[in-house]
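Chains P and S, in that order, are what the protein sequence lines are.
If you read the first sequence in our numbering, its first letter stands for residue 1, the second for the next number, and so on.
If you read the second sequence in our numbering, its first letter stands for residue 1, the second for the next number, and so on.
Check the hints yourself; a few may be wrong.
Put simply, identical chains are the same to the list, so a pair is met inside one copy or across any two.
Said to hold, decoys possible - Taking lysine to any residue and the SDA-like style, the derived pairs with C-alpha atoms no more than 20 Å apart in a straight line are:
#	residue 1	residue 2
1	K133	Q260
2	K247	Q236
3	K216	Q260
4	K247	G166
5	K326	D229
6	K51	D210
7	K59	A153
8	K216	I258
9	K232	N284
10	K227	S272
11	K232	S272
12	K227	D242
13	K59	V48
14	K192	I258
15	K184	N72
16	K227	Y98
17	K303	I164
18	K225	L241
Hints are computed from structural coordinates only; laboratory data are not their basis.
There are 2 protein chains.
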Amino acid sequence: MVRKIFFLLIILFLFASCKKSETHIAPSSETNKSGITSDPLPSWNDGVLKKDIIAYVEKVTKEGSPDFIPVNNRIATFDNDGTLWAEKPLIQELFAFYRVKKMVEANPALAQKQPFKAVLEKDKSYFEKGGDKALIELVAATHTGMSEDEFEASVAEFFKDTKIPGKETPLRNIRYQPQLELLKYLRANGFKTFIVTGGTIEVVRGISEDFYGIPKEQVVGTSFKYKYDPIKNVVQREPSLDLFNDKNTKPVGIQLHIGQRPVFACGNEGGSGDIAMLQYSQGNKYPSFQLLVNHNDSIREYKYQEKDNASLNAASKNKWHVINMKDDWKKVFAGE
Amino acid sequence: MVRKIFFLLIILFLFASCKKSETHIAPSSETNKSGITSDPLPSWNDGVLKKDIIAYVEKVTKEGSPDFIPVNNRIATFDNDGTLWAEKPLIQELFAFYRVKKMVEANPALAQKQPFKAVLEKDKSYFEKGGDKALIELVAATHTGMSEDEFEASVAEFFKDTKIPGKETPLRNIRYQPQLELLKYLRANGFKTFIVTGGTIEVVRGISEDFYGIPKEQVVGTSFKYKYDPIKNVVQREPSLDLFNDKNTKPVGIQLHIGQRPVFACGNEGGSGDIAMLQYSQGNKYPSFQLLVNHNDSIREYKYQEKDNASLNAASKNKWHVINMKDDWKKVFAGE
Chain P
1 MVRKIFFLLI
11 ILFLFASCKK
21 SETHIAPSSE
31 TNKSGITSDP
41 LPSWNDGVLK
51 KDIIAYVEKV
61 TKEGSPDFIP
71 VNNRIATFDN
81 DGTLWAEKPL
91 IQELFAFYRV
101 KKMVEANPAL
111 AQKQPFKAVL
121 EKDKSYFEKG
131 GDKALIELVA
141 ATHTGMSEDE
151 FEASVAEFFK
161 DTKIPGKETP
171 LRNIRYQPQL
181 ELLKYLRANG
191 FKTFIVTGGT
201 IEVVRGISED
211 FYGIPKEQVV
221 GTSFKYKYDP
231 IKNVVQREPS
241 LDLFNDKNTK
251 PVGIQLHIGQ
261 RPVFACGNEG
271 GSGDIAMLQY
281 SQGNKYPSFQ
291 LLVNHNDSIR
301 EYKYQEKDNA
311 SLNAASKNKW
321 HVINMKDDWK
331 KVFAGE
Chain S
1 MVRKIFFLLI
11 ILFLFASCKK
21 SETHIAPSSE
31 TNKSGITSDP
41 LPSWNDGVLK
51 KDIIAYVEKV
61 TKEGSPDFIP
71 VNNRIATFDN
81 DGTLWAEKPL
91 IQELFAFYRV
101 KKMVEANPAL
111 AQKQPFKAVL
121 EKDKSYFEKG
131 GDKALIELVA
141 ATHTGMSEDE
151 FEASVAEFFK
161 DTKIPGKETP
171 LRNIRYQPQL
181 ELLKYLRANG
191 FKTFIVTGGT
201 IEVVRGISED
211 FYGIPKEQVV
221 GTSFKYKYDP
231 IKNVVQREPS
241 LDLFNDKNTK
251 PVGIQLHIGQ
261 RPVFACGNEG
271 GSGDIAMLQY
281 SQGNKYPSFQ
291 LLVNHNDSIR
301 EYKYQEKDNA
311 SLNAASKNKW
321 HVINMKDDWK
331 KVFAGE
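Let the hints inform the model, and build the full structure from the sequences given.
This is the structure in structure tokens:
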């Protein structure tokens, strides 16, 4: 089971974002420097969706209203890849490749050793043929077998060093400006905002405060096993997956880390990763709001759909709100 | 390994607090209604320890000081049993017994079935002889095999129904008043306060906000495996331990849930459960503060020490601060 999950994880890392030709990372040319406005969501086009979001927030924060939600229960969860920032290229994949590169620089002999060689040569067939064993070795080598302090230093270094391939634009510029405004708007109304991501928890924690104003402890993600070493006084990262936080495991991560159902949940179509989280949120005893990003903007971002259309079908069936990026967002990316 | 941990866990539940004769739960007769005071810690006696706590908080929150800690890194972790509230009687044990009673009420046939029978008859020998199997059955039956919503309802019911045995005083009255003031004082200075407990995470989350002003997501504790059921749209509690959050596992729970070392950590001597957490905190790159409750107050609370004195020895060796309850606390328990 664990081997299976490792396999899926790495397949995700390696091959999820192969349609690089579609990349449109440059922020929209629109700027938003028109001064202070009373509009809490200036990068959202005026329309039904924006109105619905504001109406929901207003009704659940109005004391005395039957829809009122106590502050302690105003939990908002956001997926990250494809929801808060673009998932093409997949940052987690860039990170894995970065780690391989750094490790080979430190120890050039690795370049001739598998699975490093296959990564450097972009040899997908190696992983297809090698199966679990090769993939587990790669994840173990790049993400574990070191202390937390060391791993977090490598994450910080990655975000400092890395630009979007071929774009020379910092990674922070693939954040969606309308979502930054939504996070801020929710927080201004007493919501606590969480990231609930399939990405490795410490990779996302490395930038959550700086990129989204979300503290480390409000990030729920894929985690590896840890072991405390009392002699070195460090937490070691073990080469074994603890929680693969995707699909039906997202409610599990939410229970473990947050301890209650969200009232506001936002994910995206593309990999069916957020259906369970949105459904779980909808089971809340308080009025809840589900939001799904539809990547239908081939000009400013990308257009990609699931083969089985599962997320959009679930949205339609369960009356979730859909962000049609092309129509609902005035601006897509955070300014440079 | 898991069976071993289950065993230890239940042994803890069942037999940890057998010296009931020492119980002194009644709050101290002193009240603290003298109006508003500038003293942030009125239930702490004036002395070196109180002075040291205040001096630490002042130095690390002073902008421009070399000891300044950014707000995002002001993480304070507190053990619960024996640190924030008394651990005699052990509330987790009362909860397990309460669950057995309720389950037998709902299904009287269970009273003749082991391991329920042994609990009802206080037959310790049954568990001593039956070993892991009987204990795992008991934990599985009382803590798992139901949805989170059902379990949390039973926790709420327990705290509503239960009084300290033989005292007719609500459970909230075994909280330590000086610690409530310390939590509040730290929060007023930008610290985020967390509970890091060996107790079951949802049991403590059931009262963390009400008893301590600590939201659910800031509780780190012992957790069982969860599984999301998309048909019922609930998280199910599985009969398998996920994390036994004690001793060397506390830094693991801290990494998983909080994602950084605390700068302020407080635990207690009695079961050596907090040595690792305090040591881990001391490895912080920022100035840190370690605090250990010494249960040396046989009049107002209890006097109990570890056989090997491990926690107090570690405190002495590592220059941790020790709360000698008898001398440092003006008042012990929160008002009735």
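> Is it within, between, both, or neither for K192 and I258, if the alpha carbons may be no more than 20 Å apart?
Replying inline: Both ways: K192 and I258 sit 10 Å apart in one copy and 15 Å across, limit 20 Å.
>> At most 20 Å between CA atoms: does that hold for K133 and Q260 within a copy, between copies, both, or neither?
In response: Neither, since 37 Å and 31 Å both go past 20 Å.
>> As a check of your reading, is K232 near N284 (CA-CA no more than 20 Å) within one copy, between copies, both or neither?
In response: This pair counts as between: shortest inter-copy Cα distance 13 Å, intra-copy 44 Å.
> What label fits K247 with Q236 when the C-alpha limit is 20 Å: within, between, both, or neither?
Replying inline: Classified as between; 16 Å across copies, 27 Å inside a copy.
> Should K225 paired with L241 be assigned to within, between, both, or neither, using CA atoms and 20 Å as the limit?
Replying inline: both (6 Å within a copy, 14 Å between copies)
> Using 20 Å as the alpha-carbon threshold, which applies to K216 and I258: within, between, both, or neither?
Replying inline: Both, since 13 Å and 7 Å are each at most 20 Å.
>> When Cα atoms must be at most 20 Å apart, do K326 and D229 count as within-copy, between-copy, both, or neither?
In response: neither (51 Å within a copy, 34 Å between copies)
>> With identical chains, the pair K51 and D210 could be close in the same copy or across copies; at 20 Å between alpha carbons, which is it: within, between, both, or neither?
In response: neither (29 Å within a copy, 35 Å between copies)
> Are the CA atoms of K232 and S272 at most 20 Å apart within a copy, between copies, both, or neither?
Replying inline: between (42 Å within a copy, 19 Å between copies)
> For the identical chains here, do K184 and N72 meet the 20 Å Cα criterion within one copy, between copies, both, or neither?
Replying inline: Result: close both inside a copy and across copies, 17 Å intra and 17 Å inter.
>> Reference check for the pair K59 and A153, CA-CA at most 20 Å: within, between, both, or neither?
In response: neither (43 Å within a copy, 27 Å between copies)
> For the identical chains here, do K227 and D242 meet the 20 Å Cα criterion within one copy, between copies, both, or neither?
Replying inline: Both: 12 Å inside a chain and 14 Å across chains, each within 20 Å.
In this structure, the hints that do not hold are numbers 1, 4, 5, 6, 7 and 16, in rising order.
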